[in-house]
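**Student:** Take a look at the letters that make up each chain.
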Amino acid sequence: AQKITQTQPGMFVQEKEAVTLDCTYDTSDQSYGLFWYKQPSSGEMIFLIYQGSYDEQNATEGRYSLNFQKARKSANLVISASQLGDSAMYFCAMRERFGNEKLTFGTGTRLTIIP
Amino acid sequence: GAVVSQHPSRVICKSGTSVKIECRSLDFQATTMFWYRQFPKQSLMLMATSNEGSKATYEQGVEKDKFLINHASLTLSTLTVTSAHPEDSSFYICSARDLLRPRLPRGTQYFGPGTRLLVL
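Sequences listed follow chains S and V, in order.
Remember, our numbering sits 32 above the position in the first sequence when you count from 1.
Remember, our numbering sits 299 above the position in the second sequence when you count from 1.
You may find that some hints are simply not true.
[Unchecked claim] Heads up, simulated DSBU-like pairs for lysine-lysine below, C-alpha to C-alpha not over 35 Å straight-line:
id: 1; chain 1: V; residue 1: Lys-365; chain 2: S; residue 2: Lys-35
id: 2; chain 1: S; residue 1: Lys-134; chain 2: V; residue 2: Lys-365
id: 3; chain 1: S; residue 1: Lys-134; chain 2: V; residue 2: Lys-319
id: 4; chain 1: V; residue 1: Lys-340; chain 2: S; residue 2: Lys-102
id: 5; chain 1: S; residue 1: Lys-48; chain 2: V; residue 2: Lys-365
id: 6; chain 1: V; residue 1: Lys-319; chain 2: S; residue 2: Lys-105
id: 7; chain 1: S; residue 1: Lys-48; chain 2: V; residue 2: Lys-340
[Unchecked claim] Restraint ranges, calculated between C-beta atoms of paired labels, are given here:
id: 8; chain 1: S; residue 1: Tyr-86; chain 2: V; residue 2: Lys-313; range: 48 to 54 Å
id: 9; chain 1: V; residue 1: Val-302; chain 2: S; residue 2: Gly-84; range: 21 to 27 Å
id: 10; chain 1: V; residue 1: Lys-354; chain 2: S; residue 2: Asn-90; range: 22 to 28 Å
id: 11; chain 1: S; residue 1: Lys-48; chain 2: V; residue 2: Thr-381; range: 47 to 53 Å
id: 12; chain 1: V; residue 1: Lys-365; chain 2: S; residue 2: Glu-133; range: 23 to 29 Å
id: 13; chain 1: S; residue 1: Arg-142; chain 2: V; residue 2: Lys-354; range: 25 to 31 Å
id: 14; chain 1: S; residue 1: Arg-95; chain 2: V; residue 2: Ser-314; range: 42 to 48 Å
id: 15; chain 1: S; residue 1: Thr-39; chain 2: V; residue 2: Phe-338; range: 37 to 43 Å
[Stated by the list, open to error] Some, not all, of what chain V presents toward chain S, calculated at C-beta under 7 Å:
id: 16; residue: His-306
id: 17; residue: Val-310
id: 18; residue: Leu-345
id: 19; residue: Pro-404
id: 20; residue: Gly-406
id: 21; residue: Phe-410
id: 22; residue: Pro-412
id: 23; residue: Gly-413
Simulated from the structure, these hints should not be mistaken for lab results.
Cβ atoms here follow ideal geometry from the backbone N, Cα and C, with glycine treated the same way.
Start from the sequences and build out the full structure, keeping to the hints where you can.
**Tutor:** Next comes the structure, spelled out in structure tokens:
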């Protein structure tokens with residue numbers, strides 16, 4: 033069964049608008065962590081933001097915020113005031129408690145910012 | 300900080316040859332490194348977890364004799380693709396954890412820039 037689901041293969045957003053990238057997950061653990069990574073066309077994976085399962089507040093890092101809805105098992109990434117440099121692949125990933133610190137990645141969403 | 304390098308960035312080789320990819324943590328010690336494989340327009344698939352001074356742990360379906368992993372020091376892990384075939388052509392990415400950064404969320408991995416392998 034797929035543990036991380038990203039249902040949006042591609043999105044086009046006008047520059048300066050906000051965008052929400054969806055991520056749902058499946059786990060039976062009570063303790064887990066959720067990550068978002070950005071992969072530009074150059075290939076490197078850039079860590080953006082983290083949400084722990086016990087964190088009561090949604091994580092924020094600059095223009096990135098995470099809309100964490102634990103009961104729905106969703107961890108959507110919100111990018112405010114999008115910029116052309118935000119065009120990239122975005123991956124949601126999960127670290128489970130007994131996973132030896134492994135990360136399981138979703139299939140990704142390709143975000144394209146339109147000038 | 301938390302820079303991970305990979306070498307080479309691109310490699311083209313003939314079928315049947317072996318290719319070694321290096322992954323280095325430049326400004327921190329990495330007791331654990333991970334090796335991923337990514338096909339075009341697909342997600343990252345974990346191949347193996349590399350622990351310094353011990354044998355790597357391979358994911359189900361990954362041939363350990365084909366993908367040799369050595370983690371001889373706290374800053375270097377190598378992946379050797381032995382007797383490479385065209386189906387081994389892919390983007391290989393390594394990552395590392397920095398355990399000495401206490402404010403990092405548990406499980407945060409820093410990734411190298413990746414190596415594109417093309418086997419002819």
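**Student:** For each hint, tell me whether it holds in the structure or not.
**Tutor:** How the hints compare with the structure:
The straight-line distance between the Cα atoms of Lys-365 (chain V) and Lys-35 (chain S) is roughly 28 Å, inside the 35 Å bound, and the hint therefore holds. Annotation: proposed proximity of Lys-134 (chain S) to Lys-365 (chain V) holds, straight-line Cα distance about 22 Å (limit 35 Å). Of the pairs offered as hints, the one joining Lys-134 (chain S) and Lys-319 (chain V) holds, with about 23 Å between alpha carbons and a cut-off of 35 Å not exceeded. A hinted pair counts as satisfied when its Cα atoms are at most 35 Å apart, and Lys-340 (chain V) with Lys-102 (chain S) qualifies at roughly 29 Å.
Distance hint between Lys-48 (chain S) and Lys-365 (chain V) is unfulfilled; the C-alpha atoms sit about 47 Å from each other, more than 35 Å. A C-alpha spacing of about 40 Å is found between Lys-319 (chain V) and Lys-105 (chain S), which places the hinted pair above 35 Å, so the restraint is violated. For the proposed pair Lys-48 (chain S) and Lys-340 (chain V), the alpha carbon gap of about 26 Å is at most 35 Å, so the pair holds. Roughly 52 Å separates the CB atoms of Tyr-86 (chain S) and Lys-313 (chain V), a value that falls within the hinted 48 to 54 Å.
Between Val-302 (chain V) and Gly-84 (chain S) the beta carbons are some 25 Å apart, a value that agrees with the proposed interval 21 to 27 Å. In this structure the hint that Lys-354 (chain V) and Asn-90 (chain S) lie 22 to 28 Å apart at CB is violated, the actual value being about 40 Å. For the pair Lys-48 (chain S) and Thr-381 (chain V), the beta carbons lie near 50 Å from each other, so the given range of 47 to 53 Å is met. Taking 23 to 29 Å as the suggested C-beta distance range, the pair Lys-365 (chain V) and Glu-133 (chain S) conforms, at roughly 24 Å.
For Arg-142 (chain S) and Lys-354 (chain V), the hinted distance range of 25 to 31 Å is not satisfied, since their beta carbons lie about 37 Å from each other. For the hinted restraint 42 to 48 Å between Arg-95 (chain S) and Ser-314 (chain V), the CB-CB distance of approximately 46 Å keeps it satisfied. Between Thr-39 (chain S) and Phe-338 (chain V) the beta carbons are some 20 Å apart, a value that contradicts the proposed interval 37 to 43 Å. The interface hint given for His-306 (chain V) is broken, as the beta carbon of that residue sits about 14 Å from the closest beta carbon of chain S, more than 7 Å.
Given hint, Val-310 (chain V) at the interface with chain S, is violated; its Cβ is 14 Å from that chain's nearest Cβ, farther than 7 Å. Taking 7 Å as the C-beta cut-off, the interface hint given for Leu-345 (chain V) holds, the closest approach to chain S being about 6 Å. Because the closest C-beta pair between Pro-404 (chain V) and chain S is about 4 Å apart, less than 7 Å, the hint holds. Interface hint at Gly-406 (chain V): satisfied, since its Cβ lies 3 Å from the closest Cβ of chain S, which is below the 7 Å cut-off.
A distance limit of 7 Å between C-beta atoms decides the matter here; for Phe-410 (chain V) the minimum to chain S is near 4 Å, and the interface restraint holds. The interface hint given for Pro-412 (chain V) is met, as the beta carbon of that residue sits about 5 Å from the closest beta carbon of chain S, less than 7 Å. With its C-beta approaching chain S no nearer than about 4 Å, Gly-413 (chain V) sits inside the 7 Å limit, and its interface hint holds.
Hints 5, 6, 10, 13, 15, 16 and 17 from the earlier list are contradicted by this structure; the remaining hints agree with it.
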